[in-house]
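Undergrad: So the chains spell out like this:
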Amino acid sequence: MVRGLSNKVVIFILVLLALAGGGGYCVYEYLIPAREQSERELASLKAQIQAKYEEVAKMKEEFVLLQSQLRDFKDLEARGFFNNQNRSEAEENFAKLSARVGILKAGLSYKPGEIVSNKQADDAKQMVIKSHGKVDIESLDDVDVYTLLKFMQERYPGSIDITKLELERQQVLNAALLRKIGGGDPVPLIKGSFEFDWRTMTSKDDANPPGGN
Amino acid sequence: MSAPMPSLISPTRCVLLIMDDGVGVYKSTGRSVDFLDALHWREGGFEEKLSDLISRSGASAVVVLNDAVEQHYRKEKVPVLSYFDKANIIQRRLNVAFPNYSMRAAMPLKAGTKAVREAASADKEATKGDIYLFAAVPSTDAFGRIMTALANVDQQVVGYGLLPVESTSLVDMLVKKVSEKRGGGGARWSILISQHRGGGLRQIVVRNNELALTRVTPVVEPDPENPGMWSADVSQELQATLSYLSRFGYTPEDGLELIVIGDPVYTEPLEAMIYAPCNYNVLSVPAAGAMLGIRAQRDELHYADALHAGWSGRKFALDLPLTSREISGIRQPRQVALGVMTIAAIGLAGVAGVAVDEGMNLYATTVNIEVAQIQKKKIEEIYYEELKRKESMGIDIPLIKGALAINKDITQTIVDPLDILDAIARSMEDIRLDKFTFTNVGGEPAQDRAPGSALAPRATDVELTVSFAGNIDIVKGNEEIDKLVARMNERLEKIGYLAKVETPLRDTTFRGASDAEYGVIANKRQVTDRYEAEIRVRKVEKNG
Numbered sequence: 001m002v003r004g005l006s007n008k009v010v011i012f013i014l015v016l017l018a019l020a021g022g023g024g025y026c027v028y029e030y031l032i033p034a035r036e037q038s039e040r041e042l043a044s045l046k047a048q049i050q051a052k053y054e055e056v057a058k059m060k061e062e063f064v065l066l067q068s069q070l071r072d073f074k075d076l077e078a079r080g081f082f083n084n085q086n087r088s089e090a091e092e093n094f095a096k097l098s099a100r101v102g103i104l105k106a107g108l109s110y111k112p113g114e115i116v117s118n119k120q121a122d123d124a125k126q127m128v129i130k131s132h133g134k135v136d137i138e139s140l141d142d143v144d145v146y147t148l149l150k151f152m153q154e155r156y157p158g159s160i161d162i163t164k165l166e167l168e169r170q171q172v173l174n175a176a177l178l179r180k181i182g183g184g185d186p187v188p189l190i191k192g193s194f195e196f197d198w199r200t201m202t203s204k205d206d207a208n209p210p211g212g213n
Numbered sequence: 001m002s003a004p005m006p007s008l009i010s011p012t013r014c015v016l017l018i019m020d021d022g023v024g025v026y027k028s029t030g031r032s033v034d035f036l037d038a039l040h041w042r043e044g045g046f047e048e049k050l051s052d053l054i055s056r057s058g059a060s061a062v063v064v065l066n067d068a069v070e071q072h073y074r075k076e077k078v079p080v081l082s083y084f085d086k087a088n089i090i091q092r093r094l095n096v097a098f099p100n101y102s103m104r105a106a107m108p109l110k111a112g113t114k115a116v117r118e119a120a121s122a123d124k125e126a127t128k129g130d131i132y133l134f135a136a137v138p139s140t141d142a143f144g145r146i147m148t149a150l151a152n153v154d155q156q157v158v159g160y161g162l163l164p165v166e167s168t169s170l171v172d173m174l175v176k177k178v179s180e181k182r183g184g185g186g187a188r189w190s191i192l193i194s195q196h197r198g199g200g201l202r203q204i205v206v207r208n209n210e211l212a213l214t215r216v217t218p219v220v221e222p223d224p225e226n227p228g229m230w231s232a233d234v235s236q237e238l239q240a241t242l243s244y245l246s247r248f249g250y251t252p253e254d255g256l257e258l259i260v261i262g263d264p265v266y267t268e269p270l271e272a273m274i275y276a277p278c279n280y281n282v283l284s285v286p287a288a289g290a291m292l293g294i295r296a297q298r299d300e301l302h303y304a305d306a307l308h309a310g311w312s313g314r315k316f317a318l319d320l321p322l323t324s325r326e327i328s329g330i331r332q333p334r335q336v337a338l339g340v341m342t343i344a345a346i347g348l349a350g351v352a353g354v355a356v357d358e359g360m361n362l363y364a365t366t367v368n369i370e371v372a373q374i375q376k377k378k379i380e381e382i383y384y385e386e387l388k389r390k391e392s393m394g395i396d397i398p399l400i401k402g403a404l405a406i407n408k409d410i411t412q413t414i415v416d417p418l419d420i421l422d423a424i425a426r427s428m429e430d431i432r433l434d435k436f437t438f439t440n441v442g443g444e445p446a447q448d449r450a451p452g453s454a455l456a457p458r459a460t461d462v463e464l465t466v467s468f469a470g471n472i473d474i475v476k477g478n479e480e481i482d483k484l485v486a487r488m489n490e491r492l493e494k495i496g497y498l499a500k501v502e503t504p505l506r507d508t509t510f511r512g513a514s515d516a517e518y519g520v521i522a523n524k525r526q527v528t529d530r531y532e533a534e535i536r537v538r539k540v541e542k543n544g
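These protein sequence lines map, in sequence, to chains A and B. To convert, note that position 149 of the first sequence is 149 in our numbering; the numbers rise steadily by one, no gaps. To convert, note that position 507 of the second sequence is 507 in our numbering; the numbers rise steadily by one, no gaps.
Incorrect hints may appear among the rest.
Ranges between beta-carbon positions, derived for each pair [to be verified]:
| hint | chain 1 | residue 1 | chain 2 | residue 2 | range |
| --- | --- | --- | --- | --- | --- |
| 1 | A | 170 | B | 430 | 54 to 64 Å |
| 2 | A | 205 | B | 496 | 39 to 49 Å |
| 3 | B | 494 | A | 134 | 24 to 34 Å |
| 4 | B | 506 | A | 75 | 51 to 61 Å |
| 5 | B | 387 | A | 26 | 31 to 41 Å |
| 6 | B | 382 | A | 21 | 49 to 59 Å |
In case anyone wonders, no lab produced these hints; they're calculated from the structure. Just so it is clear, the structure is predicted and the values come from calculations on it, not from any experiment. Glycine is no exception: its CB is placed at the ideal position from the N, C-alpha and C atoms.
Only chain A is shown next, with the shape it has when bound in the complex (with noise of 0.2 Å):
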């Protein structure tokens, strides 16, 4: 077969290199493909346990958070800060609180509302919606406006932010005009404005009602 060995020489180098190259070509081809893929398995795998526990954890320490939490949530909730935003409902109370007060003149207007876009929110099935409102106002009294600003913060269902208050004397108080008050004729001293974003959080079911009102 080859000048100077024998057969048996060749056949055995031939065997040894196909064994040689056929166990390389299984490792290369089949083992290590096979370990890689068996290796990201486990590695993934891996991963999603981590990541479970990692939430279990969270949820365990979250727990123990809740509780504590709790609380300033049923606070939250007690101040009506789920609000849908109805407008008559908004008027009506806004009317209970300027008879309260004792305002001369109030009038009140809403932009329409808008949802503001918040992730937490969304996570929660919920959205944040903001109206913007403008109220004219005319009293005897500034004192008055103020007392109606914190009945407002307070009483609101939600959050009240005001972004604007522009008060301005109209008359300086004398004998003549304490006269006419005295006779029962409500003379605005006080003139002016404000205006405020009423922000509340609703679930979005209520803001798309089947019915579409």
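For chain A, the structure is supplied; the task is to place chain B on it using the hints.
TA: Quick look at chain B alone, frame taken from chain A:
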């Protein structure tokens, strides 16, 4: 001569000792040598028998050793050559020296070169160049039959060497051992005399550890009935050798170590027949083998050919391998085949190693995956239990967290105007405002923001307008305004605001414009006229 060492590649070798009347076959391992058989040239089926002997020896390689009469030696001086030219020049010189012999080789004689240089130290020209031992043997029919036998087997061919050259180191070793045993110093000249199975008496003369002379002569077979006959014969041959030595520069002052290997029955009478001054040493074959670390057949006391075969057989490489087309034709393909086999075996071992390693890793990973799947199942069970627990409590975690976080952002961002107005009102004393405007504009607090980022910025300010009667002292009025601002700041700074006079009642510095009438009928400012001053309150702290 290089010191012999046990072979690393071929621990078991078959040594073919070519003699004038036949070939001796020996099996040499690292520590022992066994005489297998001797085949006569005229024996029928010589090649087949020899091949069979080699195959049955179990050896992995064959060493061919020439112990025949016809060996040609010559010492040649080769000029100092560059490394690249040396091989070609020496080969050419060999061709010139032995044009009729196809098997040739050369080796440098370092000690010989040194001796020549010392002798001719005055003549600088004479010292240039190295002394080489050139050797050659004819390509005989007997050699061709050996090659045919070798071609029929698969064993590696280590080389084809000359027994006297290869055994020079054996002589050195024996001289060293007997000198140590005797307690004396070594002589410059040594002669080893031994009889081989073919009947020849081999004499190897070594000077300064290098081959000086060798002779093989026929002697009578040892006869236990008449041991003196063998001794007399050997004595004559030794005398002949000693007579040659004087031509090689031997003088009795140089010292001579004479070692005779053989049965003491024949070697002891020899001592009385030697008249030359020398250290006479007699060793039986087992005794010499013990000194050389070679275990020869115990029952063989006289014939020393096995010692030479064992000595050469355990060498890693021959000292002076003769080269020829016939030897190369058999040796080179087998060397290449061995190299390929070695590489393939290493490759196979490597592949097997990688396969085992990868297999172990795969197994370990598979086991780990199983464990991980169990862990995953468990943690998922815990997770769903936790979720179920919370659901059963009616807690909507995202709602609670989200609502509180959004409310917190709104609360921290928005500004209550009453806080600022309260601080201003408490600073007014008997001054009253005509009007004020509070503005609080900026970013949307409920909008998404990245974790850790600042709250939505807000610009908050209050413009206050104060008026004074037209007939007041303007300087005093301005001072009152300044005092008012100072009082305000005492309170406002605590809540992060700062008041500043934006417009005084009237600017009395050079920057201010002035317009007034004087005289009896001049128009003067009345109480009902008003001076107006403006104060601005700004937020200086960031919200949140």
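Undergrad: Hint by hint, note whether the structure agrees.
TA: Now for the hints, and whether the structure bears them out:
no., hint, result
1, 170(A) to 430(B): 54 to 64 Å, "21 Å, violated"
2, 205(A) to 496(B): 39 to 49 Å, "41 Å, holds"
3, 494(B) to 134(A): 24 to 34 Å, "31 Å, holds"
4, 506(B) to 75(A): 51 to 61 Å, "53 Å, holds"
5, 387(B) to 26(A): 31 to 41 Å, "47 Å, violated"
6, 382(B) to 21(A): 49 to 59 Å, "51 Å, holds"
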